[in-house]
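Following the hints, put chain B in place on chain A, whose structure we already have.
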Amino acid sequence: TQLLEQSPQFLSIQEGENLTVYCNSSSVFSSLQWYRQEPGEGPVLLVTVVTGGEVKKLKRLTFQFGDARKDSSLHITAAQPGDTGLYLCAGAPAGNNRKLIWGLGTSLAVNP
Amino acid sequence: DAEITQSPRHKITETGRQVTLACHQTWNHNNMFWYRQDLGHGLRLIHYSYGVQDTNKGEVSDGYSVSRSNTEDLPLTLESAASSQTSVYFCASSESRVSQAFFGQGTRLTVV
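Protein chains in written order, with our numbering: chain A, 1 to 112; chain B, 1 to 112.
If we strip away everything but chain A, and leave its shape as in the complex, we get (with noise of 0.2 angstroms):
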């Protein structure tokens, strides 16, 4: 079974701390998503990352795919209040595209 654990489960900071989310596994994606879940809503998709090694940024947050392409990290600098949500990574194991594995997700509170 291909598994995706996120590290930290939870996480709760002050507004302007940074922090780094893990999204880890054994096995190797031909790429992985990251998305992020406001209460009351659907995931919304962040960024894709497909190339190991690849650095995407989205304004203050860096996500990285491992050079192995079996992890990745997502990095928030100087938190705000509006980055509260559970953020959810999603893989597509490669050599077998039936379907998206998805992790269980951290999720962030950023208090004022």
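Calculated directly from the structure, the hints in this document are not laboratory data. Idealized CB from N, CA, C, for every residue including glycine. You may find that some hints are simply not true.
[Claimed, not checked] Just so you have them, the derived chain A footprint on chain B, three or more residues with Cβ under 8 angstroms:
#1 37 to 51
#2 87 to 96
#3 104 to 110
[As the list claims (entries may be wrong)] A few chain B positions that, by computed beta-carbon distances, are all more than 12 angstroms from chain A:
#4 D1
#5 K11
#6 R17
#7 T26
#8 N28
#9 N56
#10 R68
#11 S69
#12 N70
#13 T71
#14 E72
#15 P75
#16 T77
#17 L78
#18 E79
Then chain B, alone, in the frame of chain A:
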């Protein structure tokens, strides 16, 4: 703009009743998915469809069924609702099987 809509947004039903949750997308996507989201379990795949007349079981399909008679709709039926099926249900669609998933806003189902 294309969208994916779920109805109802909230529903309370009694144990043993049949319940159908609607999902309608205007993306013209072949791939559609039903998930349930529960604390501690993340998004779990119930059923999915890769096109008209195609349906497949996900990891938690017991007690649920789907049918795909057209591209736009994938209704989810709970044959005989049980308290264990109290959850938030999300429908999603995607252009390819593992590309960006577009989610509906969810249906909060309570079985009493």
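So, going through the hints one by one against the coordinates:
Residues of the segment 37 to 51 of chain B with a Cβ under 8 angstroms from some Cβ of chain A number 6, which satisfies the need for three, so the listed coverage holds. With 3 residues carrying a beta carbon less than 8 angstroms from a beta carbon of chain A, the segment 87 to 96 of chain B meets the three-residue requirement, and the given coverage holds. For the segment 104 to 110 of chain B, the stated coverage by chain A holds: 3 residues have a C-beta nearer than 8 angstroms to a C-beta of that chain, and at least 3 were required. For D1/B, the condition that its CB be more than 12 angstroms from all CB atoms of chain A holds, with the nearest at approximately 14 angstroms.
The non-interface label for K11/B is consistent with chain A: the shortest C-beta to C-beta separation is roughly 15 angstroms, beyond 12 angstroms. A cut-off of 12 angstroms between C-beta atoms confirms that R17/B is not in contact with chain A; the least separation is 25 angstroms. Non-interface call for T26/B relative to chain A: holds, since the shortest CB-CB distance, roughly 15 angstroms, exceeds 12 angstroms. Taking the minimum C-beta to C-beta distance to chain A, about 18 angstroms, the non-interface status of N28/B holds against the 12 angstroms cut.
The claim that N56/B is not at the interface with chain A is violated, since a C-beta of that chain comes within 12 angstroms of its own (minimum 9 angstroms). Once the 12 angstroms rule is applied to beta carbons, R68/B is consistent with being away from chain A; the minimum gap is 15 angstroms. Interface exclusion of S69/B from chain A stands, the closest Cβ pair being 22 angstroms apart, more than 12 angstroms. Every beta carbon of chain A lies more than 12 angstroms from that of N70/B, the smallest distance being close to 21 angstroms; the non-interface claim holds.
At roughly 18 angstroms, the least C-beta separation between T71/B and chain A is larger than 12 angstroms, which holds for a residue marked as non-interface. Here E72/B stays apart from chain A, with its beta-carbon at least about 18 angstroms from theirs, past the 12 angstroms limit. Consistency note on P75/B: stated as away from chain A, and its beta-carbon is indeed over 12 angstroms from all of that chain's, at 17 angstroms minimum. With a minimum CB-CB distance of about 20 angstroms to chain A, T77/B clears the 12 angstroms threshold, and the non-interface call stands.
With a minimum CB-CB distance of about 20 angstroms to chain A, L78/B clears the 12 angstroms threshold, and the non-interface call stands. The non-interface label for E79/B is consistent with chain A: the shortest C-beta to C-beta separation is roughly 23 angstroms, beyond 12 angstroms.
In summary, the structure is inconsistent with hint 9 from the numbered list given earlier, while agreeing with all the others.
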